[in-house]
Every structure is written in C-alpha cells, then in structure tokens.
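Student: Just so you know, the protein sequences line up as chains A and B, in that order. According to the UniProt record's numbering, the first sequence holds residues 1 to 363 in order. According to the UniProt record's numbering, the second sequence holds residues 1 to 163 in order.
Please keep in mind that the hints were generated in silico from the structure rather than gathered at the bench. Check each hint, because a few of them may be wrong.
As the list claims (entries may be wrong) - Taking CB as the label site, the calculated pair distances span:
| no. | chain 1 | residue 1 | chain 2 | residue 2 | range |
| --- | --- | --- | --- | --- | --- |
| 1 | A | E169 | B | D10 | 55 to 61 Å |
| 2 | A | N168 | B | E65 | 49 to 55 Å |
| 3 | A | E167 | B | E28 | 58 to 64 Å |
| 4 | A | D48 | B | E28 | 54 to 60 Å |
| 5 | A | I99 | B | T116 | 46 to 52 Å |
| 6 | B | A57 | A | I361 | 33 to 39 Å |
| 7 | B | E71 | A | E53 | 48 to 54 Å |
| 8 | A | E171 | B | S115 | 37 to 43 Å |
| 9 | A | K329 | B | I64 | 28 to 34 Å |
| 10 | B | S63 | A | E157 | 57 to 63 Å |
| 11 | B | E2 | A | E169 | 42 to 48 Å |
| 12 | B | D10 | A | I361 | 42 to 48 Å |
| 13 | B | D131 | A | E53 | 42 to 48 Å |
The C-beta atom is built at its ideal place from N, Cα and C for all residues, glycine as well.
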Amino acid sequence: MISSKRRKLDSMSTSINNVTEYSKTDECASDCSKVLMHAVLPDDLCEDTPLVEVYVDDISDRKNISKAVVAINSTFPVQELLHLKRVRNGKVLLFPKSICELSEVHQFLMKKGFDTSLLANNIQIVRVAKLPPKIKSQYEKVNKLWPCNFHSNKYLERLVTNSLFDENEMELHRKCMEIAIDVAKHAGNKYNSKKVGAVVFDPKLKSVVAIGYDLTNRNPCKHAAMVAIDNVAVTQNGGAWDKREQVIVNSLNTSGIPKDFEFLRDKYAKTISFGCHVSNDTDDCKAFEDGAYLCTNYYAYVTHEPCVMCAMALVHSRINKVFFGAKSKIGGLCTLCKAQTIKDLNHHYEVFCGLLERECINL
Amino acid sequence: MEIAFTYARDALRNQEVPVGCIFVYNNEIIAKGRNTVNETRNATRHAEMNCIDDVIAYCDEKSIESKYVFENVSIYVTVEPCIMCAAALYNLKIKQILFGCRNDRFGGQTVFDVSTVLNPVTDVKGGYRADEAMALLKEFYKGTNPSAPPSKVKIKSIDTKLV
Ligand SMILES: [Zn+2]
Ligand SMILES: [Zn+2]
Numbered sequence: 001m002i003s004s005k006r007r008k009l010d011s012m013s014t015s016i017n018n019v020t021e022y023s024k025t026d027e028c029a030s031d032c033s034k035v036l037m038h039a040v041l042p043d044d045l046c047e048d049t050p051l052v053e054v055y056v057d058d059i060s061d062r063k064n065i066s067k068a069v070v071a072i073n074s075t076f077p078v079q080e081l082l083h084l085k086r087v088r089n090g091k092v093l094l095f096p097k098s099i100c101e102l103s104e105v106h107q108f109l110m111k112k113g114f115d116t117s118l119l120a121n122n123i124q125i126v127r128v129a130k131l132p133p134k135i136k137s138q139y140e141k142v143n144k145l146w147p148c149n150f151h152s153n154k155y156l157e158r159l160v161t162n163s164l165f166d167e168n169e170m171e172l173h174r175k176c177m178e179i180a181i182d183v184a185k186h187a188g189n190k191y192n193s194k195k196v197g198a199v200v201f202d203p204k205l206k207s208v209v210a211i212g213y214d215l216t217n218r219n220p221c222k223h224a225a226m227v228a229i230d231n232v233a234v235t236q237n238g239g240a241w242d243k244r245e246q247v248i249v250n251s252l253n254t255s256g257i258p259k260d261f262e263f264l265r266d267k268y269a270k271t272i273s274f275g276c277h278v279s280n281d282t283d284d285c286k287a288f289e290d291g292a293y294l295c296t297n298y299y300a301y302v303t304h305e306p307c308v309m310c311a312m313a314l315v316h317s318r319i320n321k322v323f324f325g326a327k328s329k330i331g332g333l334c335t336l337c338k339a340q341t342i343k344d345l346n347h348h349y350e351v352f353c354g355l356l357e358r359e360c361i362n363l
Numbered sequence: 001m002e003i004a005f006t007y008a009r010d011a012l013r014n015q016e017v018p019v020g021c022i023f024v025y026n027n028e029i030i031a032k033g034r035n036t037v038n039e040t041r042n043a044t045r046h047a048e049m050n051c052i053d054d055v056i057a058y059c060d061e062k063s064i065e066s067k068y069v070f071e072n073v074s075i076y077v078t079v080e081p082c083i084m085c086a087a088a089l090y091n092l093k094i095k096q097i098l099f100g101c102r103n104d105r106f107g108g109q110t111v112f113d114v115s116t117v118l119n120p121v122t123d124v125k126g127g128y129r130a131d132e133a134m135a136l137l138k139e140f141y142k143g144t145n146p147s148a149p150p151s152k153v154k155i156k157s158i159d160t161k162l163v
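If we strip away everything but chain B, and leave its shape as in the complex, we get:
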C-alpha cells in the first residue's frame, strides 16, 4: 500500500486527483500508476485503468495470457474504485482489491454497488490507511488546483469508515 501511496502523492504533485494503485501478481508488482486525467484530457484515465494497460503490455512482452494473470492479481489502491473501474476489474475477474478510503462521489460500492449487477468473483476490502488517503484527497480538493474538472473541485465530505 505504501507504494500505491507514493503514486497518489505523485499525482498530487502533478495536479491530478491523488489516487495511486499497484497490481501484484506472484509477489511481483507488475503495474503501478496514478490518475492521468488532466495529462491525457481523458476523464477515464484513472489509476486502475492505467494499470490494466500496463498488465497488457507486461503480458505481451512475456507472451503470456493476460486473462490468467488478471485472475490472479491483487490490487492495492488508495481510494475505492469508481463504478467504471469496479466494472472493468470485475469483468477481468481480478482476485482481490484492497482500497484505502471510500469514494463518495463515484464509488463502485458506495455510490452504486456494481456487484449487484455483475456478480463478481473479486474479493473487495476497504479501510486500509483510509485517513491518509482521505487527507491527500482533501489537500487536492482544497481548491488549489485550477486544472481539475469543476465537478471534482466541489467534492463533498468523504466517508472514512471501514468497510
């Protein structure tokens, strides 16, 4: 989780929503990333989506089947995956997801429970260093970031309760 946090902090330095993420497969980190929404001008480039692309590149390079890799990946992400990312990760049959704080605006459990429609095999747990993850988000949303999409600036209170 500490490594995921270094990516979240890197996002903050680069004026991106501070979410960091790593994918672990066979005790090896095969993907690490952060939000690149502003950098790519693409609102879907969340840390998890960037990591999925990294895994594809990793598998292509090693000529291994990505399907099998995804099914054995553990994800550490500082903030609860949003509805989009949760759907993507459930479709990939990711083994487990450990997240930090809840995502009150877009969360794939909190705002709309994606598991009720996709029947995932993924094990999802939250609350790991939630306060720290939250503190990073709060720092970002203090309004010091002129390049964030307007919606994200007006973030409401975010729940830090454990799952």
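Excised from the complex, chain A in its bound form:
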C-alpha cells in the first residue's frame, strides 16, 4: 500500500510540470540540464511535524476498550492533542509526559475521577505528533507513531509537490522572467549598474504593469524591486522617484514602463501585453479608498532574490506572489530569513525560486 503510494509520488515528481529546459541561446548553448522552479515553503511545511512525549497504558480487558476511551475522554480530554486518536491496539493515550512523573500517573488519573482499574498499569512513553500534520508527507510519518487525524489541503499538496502550475502557466512565468532578464541586461548597460531586473505582472490581464532595475550606483535604496514598486505607483499617477504622464497603448496604461524599454513590447508582443487598466478620476478615488493602488493581485518576477528591505517593501505593497531566479547572500525570502512568512505581519505572499536560475546567475 505504502510502496504503491510512494511510487505514485515519485512518478509525480519526475513528470513534474515545472521543468525548465534551457533554450539554446548564447551562453547557455551547451547547457541542457533541467532545473526546477520550486516554492520556498514556510518552515512548518518543510520540516517534520514536531513531536511530544506522552504516557500510554494498556487497557486491562480488551472488551473495555470503548468504555476506557469514553472514560478518559470525559475525565481528561487533552485539548492540545485533539488531532490524535485516543486508542491504538488496545493501548490508550493518557496525557503528555510533562504533566507528572511516570510513578504518579495512575494517582493523577484517579484524582481526575478516572477508574484506573480499566488500565493494566503497563505505562509506556511514546513520541507522538505535537501538532496536526499539515501535508501528506508529514502525516505519513507521524501516523506511524500514533494514529492521527489529517485533513488534506489540496492547494498545499500541489505547492509542496511542485505541481501548482500547469505547463501553460509555467510558460508564462518563464516569459515574465525572460523580460526581467532583458530589463536587467538593458538597464545594466545603459546605467552601468548591477544587472538585476524586476517585472510586476498582472496575471488577470496577462500584462506587464511595471518594470524595475538596479540603480544603487545613484541611490543605495534603488534596488530593482523598489524601483518596480515605485513604477507601479507611477501608473496610479503617483511615484516618488519618477513621475510620468499616463501613456495609453492598445487601451492600456504603460506609464509603469520607462520609454527606453519600449523595445520589450515588440519583442514579446505575441504572448504578453504591456500596461495596466486605465483608470479615470472616479475609479482613482475608489482605488485610493480600497488601497488598491498597492500591488494587490500582482506577481513580481525578480532576477535575484530580493533583500530584506525589498522583501518587506513587497509585503507593504501587498504583492500576491514573488518569483526569483538566483539566490542572493543578502536575500530575505529564503537565504537570511523568510520575510513572507513572518507570522505577525498582516500580509503574506508565496515565493518561488529557481525560475530560469542559470540565466539569472549568468547575468
């Protein structure tokens, strides 16, 4: 049973959708290795479920199993372990070891009003899941230790098995990263700056809303993602670093894309549009009230892992998903920390790394 499941999982991972085959262009000509884009998961999804030690005792008479379970559940329910079954193979789970010494267990139960004659007084210590498992692979491990309830979340399973996106969606992600790479190259040459590029994309419109590139040789805060965020603001008639009038092309507002980058529109015209919805004044007021001038529902594609400042700027901007190619030693999404998973923040986004990784590293 388990081995057939295992095989199924293995075949899933080899037939995975998120495979990048390097196009045979310039520097990548000889490299046809396949690289996976994958989700950067919150720690509680990439680690095993934490365990806790509990006392377990045999039920003295197998006929009394259900009686013993009802009795222990009514006299001593363990709120923090409700995800665990109370009984297995004639053994009943009593309570966490931290509550008392082994020699005092029966005394303790008696005080709670439990009839200890139901137990064989053959107390053992067992390690069980401290928290409910979140994904199937965690469940399979802890369920072997002690039976456990599990509610599978289809979305999480797709996220952790790297099967969230279908091939069409992956093609779109690669295109967006290609644009970010083109932005990095063009801006790097033009401004003699570090080759880092960013694209903010509206997945509903399938359109590039804004781009950004590194200008840290002018201002230490002008990282590609920060510049891209400000260019999104420009499309809303805002912006701190740049102010440009609305430019309407094919009934989309392209003011988030500086003039020098118009060549991108011609290059990618077949698959991707450029610009965002044109807002009139009344829409503008509404958007202002809704806070919709932030990057809500947008995706960001950045050639290199955003730093802590940029990672938090993307939280403030309410970005929906972030894709990056190459990891960075100052990265704040995976390398130094995972800013997108800080519990106390009011917004969290999903992060995917390794998209066109080689091309991004080679920049």
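Could you slot chain B with the ligands onto chain A? The hints should help.
Tutor: Chain B with the ligands only, in chain A's frame:
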C-alpha cells in the same frame, strides 16, 4: 525629536500615518520628512525612506560621498522603523537611531528583529516621548481617515514600553 514631531503632525494633517523623522549630521539637520504613502501611491514611502533620498540630494549638491555621511548620521524618528526601513538603515551603516513608540504592526525590532540577520553597526534606542508618538498614531487610527490602506486602519494596540 520635537522637529520630528512637527513632521508627524504634518503627516496627520495630510491624512498620512503620522510618523516624522529627521537625519542629523555634524549637528546639522540634513533631511526631514514624514510618510507620503497616500500622496505617492507607494506603500514604501515611509518618513525614513524619504529622508534617505534627501541625504542623497544633499550629498549630490555638495559633491560629497553619501556613504560617509550615512555612517555618521543620527536619526530621530517618532515611531520604531519598520522591517523595511530598519533593513535599509542598517545597510547604510547609520550611526544611531532614536525612536519614540514601538511599531507593533511592522517594527524592525518588535515584529521581526532585523538585527538578527543583518548584524548592524547601528545603535538603536527607543522610548523617547513614546506616549506622544502613540497618541498621534491613535488619533490617526480612530478611523477618521478614509484614504488609509485598510490594513493600517485596523491597527491593534501599540506597546508604549521603553526598550
Ligand atoms: Zn533589495
Ligand atoms: Zn518603514
């Protein structure tokens, strides 16, 4: 700090989150600012970020190296810098930061301690006129501001304890 407060009050008058900030270099105020998030439609335009841009302009004008200036700047800001601003200021190797009240929603110490990942040289102290800074925030978050991003309207209790 009083000057920082005048900028925070100015932010409040302009329906921005009331945070004010000044950068002091050689006993001279070289940058002063407040939040301009609504004005710029850019959620990253916090008082500190605006001041950083002012310092760049100041250095460009005087043809001096901004790196050296940042490393000798003292910042007075009415609210604890957020994670983004803390990271930016630590990267600039700012000499010291003195802030008013804590920032329970986004604070670069309170919500996530940025110093644990960036090993900053910056000396950070809080609690200067915290109650006043807090009172301004509370006034803003009373819900009288229709143009604030929704998240910021629903601010929770903010800690006024000293650091
Ligand atoms: Zn950055
Ligand atoms: Zn900030």
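Student: So does B/D10 sit 42 to 48 Å from A/I361, Cβ to Cβ?
Tutor: Holds: the Cβ-Cβ distance is about 46 Å, inside 42 to 48 Å.
Student: Given the hint of 33 to 39 Å, is the C-beta distance from B/A57 to A/I361 inside that range or not?
Tutor: holds (35 Å)
Student: For the hint 37 to 43 Å, verify it against the beta carbon of A/E171 and that of B/S115.
Tutor: holds (42 Å)
Student: Falls inside 54 to 60 Å, the C-beta gap from A/D48 to B/E28?
Tutor: Given about 56 Å between the Cβ atoms, the range holds.
Student: Range hint 46 to 52 Å: satisfied by the CB atoms of A/I99 and B/T116?
Tutor: Violated: the Cβ-Cβ distance is about 34 Å, outside 46 to 52 Å.
Student: Is 48 to 54 Å respected by the C-beta to C-beta distance linking B/E71 and A/E53?
Tutor: Roughly 52 Å apart at Cβ, these two residues keep to the hinted range, so it holds.
Student: Kindly confirm whether 58 to 64 Å is satisfied by the beta carbon distance between A/E167 and B/E28.
Tutor: holds (60 Å)
Student: Given the range 42 to 48 Å, decide if the beta-carbon distance of B/D131 to A/E53 lies inside it.
Tutor: At roughly 47 Å between Cβ atoms, A/E53 and B/D131 fall inside 42 to 48 Å, so the hint holds.
Student: Return holds or violated for the Cβ distance of A/N168 and B/E65 against the range 49 to 55 Å.
Tutor: For A/N168 and B/E65 the Cβ distance comes to about 50 Å; the hint holds.
Student: Regarding A/E169 and B/D10, is the given constraint of 55 to 61 Å on their beta-carbon distance met?
Tutor: For B/D10 against A/E169, whose Cβ atoms are near 46 Å apart, the range 55 to 61 Å is violated.
Student: 42 to 48 Å was suggested as the range; check whether the CB atoms of B/E2 and A/E169 agree with it.
Tutor: Since B/E2 and A/E169 have Cβ atoms about 55 Å apart, the given range 42 to 48 Å is violated.
Student: Does the Cβ pair B/S63, A/E157 satisfy 57 to 63 Å?
Tutor: Hint holds: Cβ distance 59 Å, inside 57 to 63 Å.
Against the hints set out earlier in the document, violations occur for numbers 1, 5, 11.
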